[in-house]
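Please build the complex by placing chain W on the supplied structure of chain U, with the hints as guidance.
2 protein chains.
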Amino acid sequence: MLFRAEITIKLKNGMLDPEAATIKNALKHLGYECRSVKQAAIFKLEFEADSRQNATDVAEGMCRRLLANPIIHDYDIELV
Amino acid sequence: MLFRAEITIKLKNGMLDPEAATIKNALKHLGYECRSVKQAAIFKLEFEADSRQNATDVAEGMCRRLLANPIIHDYDIELV
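So the protein lines, in turn, are chains U and W.
For what it's worth, the numbering used here labels the leading residue of the first sequence as 1, then goes sequentially.
For what it's worth, the numbering used here labels the leading residue of the second sequence as 1, then goes sequentially.
Treat the hints with care, as some may be off.
A pair holds if it fits inside one copy or across any two, identical chains being indistinguishable in the list.
Below, computed lysine-lysine pairings styled on PhoX-like, alpha-carbon distance capped at 20 Å [unchecked claim]:
#: 1; residue 1: Lys24; residue 2: Lys44
#: 2; residue 1: Lys10; residue 2: Lys38
#: 3; residue 1: Lys44; residue 2: Lys10
#: 4; residue 1: Lys38; residue 2: Lys28
#: 5; residue 1: Lys38; residue 2: Lys24
#: 6; residue 1: Lys44; residue 2: Lys28
#: 7; residue 1: Lys38; residue 2: Lys12
#: 8; residue 1: Lys24; residue 2: Lys12
These are computed hints drawn from the structure, not numbers from a lab.
For reference, chain U alone in the conformation it holds in the complex (with noise of 0.2 Å):
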């Protein structure tokens, strides 16, 4: 069965992001005053699993293993 899988992958709460704060810098440069700026990554993946919950494993396994860093990002799997 196919499965289609959005996976988000954030830095933690309380791990500095210097990307994210380059980028509140410049939009104050250009005039926009941001309170606060985060920035997060998308994955949006297409494979075959037998079941739901296997879908699930494979997409933790996926994450666990290249997509995120477990030591500085959470990640959020859902299912489409």
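Below, chain W alone, put in the same frame as chain U:
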């Protein structure tokens, strides 16, 4: 009034995405065969604006002037 905007930025359809292709390939080497891999960036911004319409305009401006490259990216603004 404080607004929260969630801005999703992704490559336009048909644009080559070498980063996603590399991830797809790396997943394959780990034993995860994906039919397709797409990625997008999300920015979560908090900023002050007079009205909802004004907040949308501000977010549009930030996308056009900094966050997205309108030649290769599509963006989607959602006020929360």
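**Study point:** Structure versus earlier hints, numbers of those that do not hold, lowest first
**Key:** none
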